[in-house]
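Protein chains: 4
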Amino acid sequence: MLTAADYQHLARDLVAPDVWDFIEGGAEAERTLAANLLAFDRLRLRPRVLTDVSRVDTAVSLFGRRYATPVGIAPTAYHRLVDADGEVATARGAGVADALFVVSMFASRTIEDIAAASSSGLWLQLYWLRHRDLMCSLIERAERAGYGAIMLTVDVPVMGRRWRDMRNGFAIGGGVAAVNIDPEVMAPAHLRGAGESAIARHTAQSFDTTVTWADLAWMRARSGLPLVLKGILTAEDARLAVEHGVDAIVVSNHGGRQLDGAVASLDALAEVAEAVGGACPVLFDGGVRRGGDALAALALGAHLVLLGRPPLWGLAVDGAAGVAGVLRMITEEVAPALALAGRPALARLARPGERMPPPAQRGAGGDDR
Amino acid sequence: MLTAADYQHLARDLVAPDVWDFIEGGAEAERTLAANLLAFDRLRLRPRVLTDVSRVDTAVSLFGRRYATPVGIAPTAYHRLVDADGEVATARGAGVADALFVVSMFASRTIEDIAAASSSGLWLQLYWLRHRDLMCSLIERAERAGYGAIMLTVDVPVMGRRWRDMRNGFAIGGGVAAVNIDPEVMAPAHLRGAGESAIARHTAQSFDTTVTWADLAWMRARSGLPLVLKGILTAEDARLAVEHGVDAIVVSNHGGRQLDGAVASLDALAEVAEAVGGACPVLFDGGVRRGGDALAALALGAHLVLLGRPPLWGLAVDGAAGVAGVLRMITEEVAPALALAGRPALARLARPGERMPPPAQRGAGGDDR
Amino acid sequence: MLTAADYQHLARDLVAPDVWDFIEGGAEAERTLAANLLAFDRLRLRPRVLTDVSRVDTAVSLFGRRYATPVGIAPTAYHRLVDADGEVATARGAGVADALFVVSMFASRTIEDIAAASSSGLWLQLYWLRHRDLMCSLIERAERAGYGAIMLTVDVPVMGRRWRDMRNGFAIGGGVAAVNIDPEVMAPAHLRGAGESAIARHTAQSFDTTVTWADLAWMRARSGLPLVLKGILTAEDARLAVEHGVDAIVVSNHGGRQLDGAVASLDALAEVAEAVGGACPVLFDGGVRRGGDALAALALGAHLVLLGRPPLWGLAVDGAAGVAGVLRMITEEVAPALALAGRPALARLARPGERMPPPAQRGAGGDDR
Amino acid sequence: MLTAADYQHLARDLVAPDVWDFIEGGAEAERTLAANLLAFDRLRLRPRVLTDVSRVDTAVSLFGRRYATPVGIAPTAYHRLVDADGEVATARGAGVADALFVVSMFASRTIEDIAAASSSGLWLQLYWLRHRDLMCSLIERAERAGYGAIMLTVDVPVMGRRWRDMRNGFAIGGGVAAVNIDPEVMAPAHLRGAGESAIARHTAQSFDTTVTWADLAWMRARSGLPLVLKGILTAEDARLAVEHGVDAIVVSNHGGRQLDGAVASLDALAEVAEAVGGACPVLFDGGVRRGGDALAALALGAHLVLLGRPPLWGLAVDGAAGVAGVLRMITEEVAPALALAGRPALARLARPGERMPPPAQRGAGGDDR
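Protein chains in written order, with our numbering: chain A, 1 to 369; chain B, 370 to 738; chain C, 739 to 1107; chain D, 1108 to 1476.
Just so you know, the hints here were simulated from the structure itself, not pulled from any lab data.
Everything numeric in this text was worked out from a predicted model, so none of it was measured.
No residue lacks a Cβ here, since even glycine has one placed at the ideal position from N, Cα and C.
Treat the hints with caution; some may be incorrect.
What the simulated footprint calls covered on chain B by chain A, stretch by stretch (three residues with Cβ under 8 Å from a Cβ of chain A suffice, anywhere in the stretch; the number is not a length) [stated by the list, open to error]: (1) 411-419; (2) 646-657; (3) 699-706.
Some chain C residues flagged as far from chain B (calculated, every beta-carbon gap over 12 Å) [what the hints assert, rightly or not]: (4) T848; (5) G884; (6) R905; (7) T947; (8) T972; (9) A973; (10) E1009; (11) L1076.
Isolated chain A, as found in the complex (with noise of 0.2 Å):
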């Protein structure tokens, strides 16, 4: 077990085919899928030399907590289609690796539970539902149990039509289920039901898509919790995004879930960042599979990184060991990656619109910016 890759090569045997298609394909023709892994492969990084990395730090901080791996967990849905204790488990390896997990407001596990199991930052996603009751049961239950954000999911207005769960008629099911969310307000009959769309026309009947960027004002009195956006994709959205006072951005177009053709989001990150020219943290997910590649977006803007198919990878093969193993990989490579690239903290990668100033001397006082 070498990379995160070795966890997807076992996982694919270990997990139902219906449920792995449901993990990892995309929309449509999976055109954004591919781009995203893409991205990366035709990025180049320009490595800087001389450089005092005795002491490469990994460590990023958000919203007033440090988390020792700017590599993160993507909320994805249901855990438990791969681990019987799903989020649970997924929470204890995130804690092992002190890296931060976004819970999905479609989790098999009930939030108090994961809250229970973690020892590190717990963020909750939402979507926004159609019952705003049930969201501010939500928002106020992730208060309660200590996590340290709202993630706003803004790119499912519709679900994308992803052609490997249409033909496989794909259902959630064998008891696993969206534990937080009352049943009966969700439609459950059609989210048990077999048939190409059940998820799909679960969405269609429970999200608002009337939504509006000047319904965040309604979200924002709902909570004192910091307010993520995730799934921003362009320069106008992020300026939008920092007029509404948003507290973090991500930007992703949903591993390649959504609208097929959509820009990679590796293609994106750069003219976010420089829209958002510091405003607020700027995330940053899809096709991230290797320290490089956390590298590389970190290096286009990101704050962090967040991952959404290898965690569910390492879960499948190994638990909350899995879940670790794969955070501490990525992780690993993360550290010489910055060494190699001269930069020894987060803070010195180049950012868009900036040429890197020359390093610091060493033994001249620390970082120089």
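Please arrange chains B, C and D on chain A, whose structure you already have, making use of the hints.
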């Protein structure tokens, strides 16, 4: 049956090989045919978020008629090659989808029969023949039968060298004929005769290769119907079309069947749309196979997108129901694609040369453009 | 038999493998050989519509002689390797097509025999030999035999490393010889000897590697024939050629047989044509296999296009008739390509640095340029 | 045996698989390793014609010594892994070719033995060790043995993650050792121990990761030998190197063995050469396999090109004779490539930022630069 490509795969087994080559093939080495498709793979969309997409409207209006879908049927010849009812079945299918159907001059059913079967908009496509009386007669019949426009194809002064047809010695036969054209006028012996260039020779004998922009005035004087030019690929010709007062143009390279090496339709679209500058509607064909492709063309400036081969796939598989199926599939992909792109109405798509303005705030009184 | 490539496929089975490698191969890793072909695949044409293409004229005039086709035969050595009649058959084939034939200094038939068989234009190609008397004698023989120009190849100071020939130990033999060259002068032992570098050693011993632009005056003084330089790939050298008063240049990388890694011919053409600025005709060779390729080169500024390998394919398959067949096929593809491009005459093709003017209105009095 | 790749194919069968992986492999997914080679395929050369190339001179001078070839041997460790005589044989081969040989700090033969076998120029390569006394001692020994320069490698603060070695559990063994380094100083247990990271752990324990530009003064004070920095990939670091008075730099990404994703060497060369602006010589390594590759690097601004893997292929196949063979092959390709490029001397190659001036007229008095 999930995508138009599913119809394609079925149709391949149902259609005689030489007819299949006639439908699917392009000119010479099929560079442009391939380029048409690859252009969509290269394109990347920039989706916007937090717009109200609760009412996605895919309707378009052209020349005073409203269509439920921005996807219509491009003119293709001899539909009876793949279905006994031919264009009558196609018209029924288009009617189910409330889609524009452009009937080919080389239709294998009469203009009047097609009109009788149609419940959506029909246009008539014409090549410019040496025999102008025949053109006049076709225009008059179209007017009487309620056709909404004349679409003049301008990219076939001679027929492209289609190696597949030449190697197959392809000729129209089996009781299929261009029934709207007086066989005495159109050199029937050549049309019916076998041989590698039956259609090409027929074209060379019947088509007027001397036609220039100045001749458009003659056609204008023949009919009060809107005049649409099909086959524009350059800004220069787009400007000439506007100067000569045409009512709409179609960006098209004839499905890669004419000049091999010609620019991909999608790659020409932005240039043409910018040159037209809104002076008349711009239609598009060339490689659209999915709703996302249609969205891409619409976003680059097309007002309506035409499909050439996909309706024939549907027609071959299931007659009128197949045509309706293909149109429905692609239209049903356009709607969520518009939602995922954050543009609930076609008019909200950014046009070339414009920066997309910030989306309207919900409740601010409707469309901001 | 539909395309030149059909001749190629047949010829491959008719020609000895080492001769085939000699004909088809390029230098070293054949990067430039591949680039020559790929350049045509990359290029995209912008066709114009509604021009009068009833009279497509593919004729070109050079140095006072008119050719029916813009496609001629580039100089290649030893045609008797593939046909017993050698260049005499090639000349007959060129005559059938009324095409220019540039006879190689290393022809395997005499200058006079070739002239006797020719009914179209002939030029003589020369390398610059150490033995200037021999060059004088060849020029005088060409003048007496009615050749129309001298084409001096300037891209072979040494021979490119052609791995195929080196691995094959290829040497000219079997009674084939450079009959126009005094064997005593040309180191016959080496020419006839087997071994990996027979031709290359021969080149090294016979060719004058000291020649510079200043030497052109010597050649000018030897003959009143037009002087054409073959092997120009840069704007700098094109300007030098004009300054030194040459009568035409040929953009060529010797079919990818000299400097491997050199720019593709087609990619160099626009730069050269712009530098020449109409001061003299620009010819082109390198990768033309179809009429559309010829059109592309003509549109980028070439006045006439030369074919290297394709006439040898025709010659190997069917002697003079095969040469004529290849020339006819490609010419017959040029005419419809010009019509489809909306440029009925070569002079109407847009040249680099110009915007194509609006096509002439029909009846407005002929060509607008 | 025609090309260096022929040696590679033979060597693969002669070398133990794990040693072969150690030689041929790169870091992680080997993106940069592949990019190094692909960069040469992408590059296109612009050959000039009609220059006097009768005397092609491939000699270069560096630090007062003349080398017959612009191709030298890059420092690579442990030559005894593939040949019993190790670096002594390599030195003999380099001597036959009159080529520069840069001896690795991790040579498996003593500095003095190598010097005794050498008849061409030798330099000593060093990493910056925590144990500075050892470095001083190596420098002194190199000076006494007549080495011409110290090449300090600056791109290995830590070792790149070489998956092949990690999966193989590769460790140096079988009696091969870094004989110039006191085993007590270099943690011999770790060096000798098997395990996936034997070399990497050894690097981490022995190399000084705190070194910065300011430390170069210490090394300068230790020796009067020229100081060469190896591993520069950016204009920023090139300028710093010039400011710190280094005597030459080597553009290199360590053969793709350090930061995976780093820019291809060839793609970094022009930027670095322009930044240096002639202030010191620029050397190059990374992907050179043929004379044409060397020409490309020389044309982009390199004064001398180093080969990493190819001499090891030659050494594995045929000892000193194999090393000489590889160097001779590539040099013999450089000379005709220079002639075909129309630049008979290295100094005549166009440098970045310059337009190549018109070549000198013959007899006009020598080189025009």
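Non-interface claim for C/L1076, where every Cβ of chain B lies beyond 12 Å: violated (10 Å)
Coverage criterion applied to the segment 411-419 of chain B (partner chain A; beta-carbon cut 8 Å; 3 residues): Since 8 is at least three, the answer is holds.
Status of C/G884, Cβ more than 12 Å from any chain B Cβ: holds (36 Å)
Chain A covers the segment 699-706 of chain B, three or more CB atoms within 8 Å, holds or violated: It holds, with 3 qualifying residues against the three required.
Minimum Cβ distance from C/T947 to chain B greater than 12 Å, as the annotation requires: holds (40 Å)
Within 8 Å of chain A (C-beta), three or more residues of the segment 646-657 of chain B: violated (count 0)
C/T848 non-interfacial with respect to chain B [C-beta, more than 12 Å]: Per Cβ check, C/T848 is outside 12 Å of chain B; nearest 39 Å; holds.
Check on C/E1009 being off the interface with chain B, judged by Cβ distance over 12 Å: holds (21 Å)
Verdict on C/T972 as a residue remote from chain B, using beta-carbon distances over 12 Å: With a cut-off of 12 Å, C/T972 remains clear of chain B, as the shortest Cβ separation is near 26 Å.
Chain B versus C/R905 - minimum CB to CB distance exceeding 12 Å, so not interface: holds (31 Å)
Claimed clearance of chain B by C/A973, with the beta carbon kept past 12 Å: Label holds. Min Cβ-Cβ 25 Å, cutoff 12 Å.
Against the hints set out earlier in the document, violations occur for numbers 2, 11.
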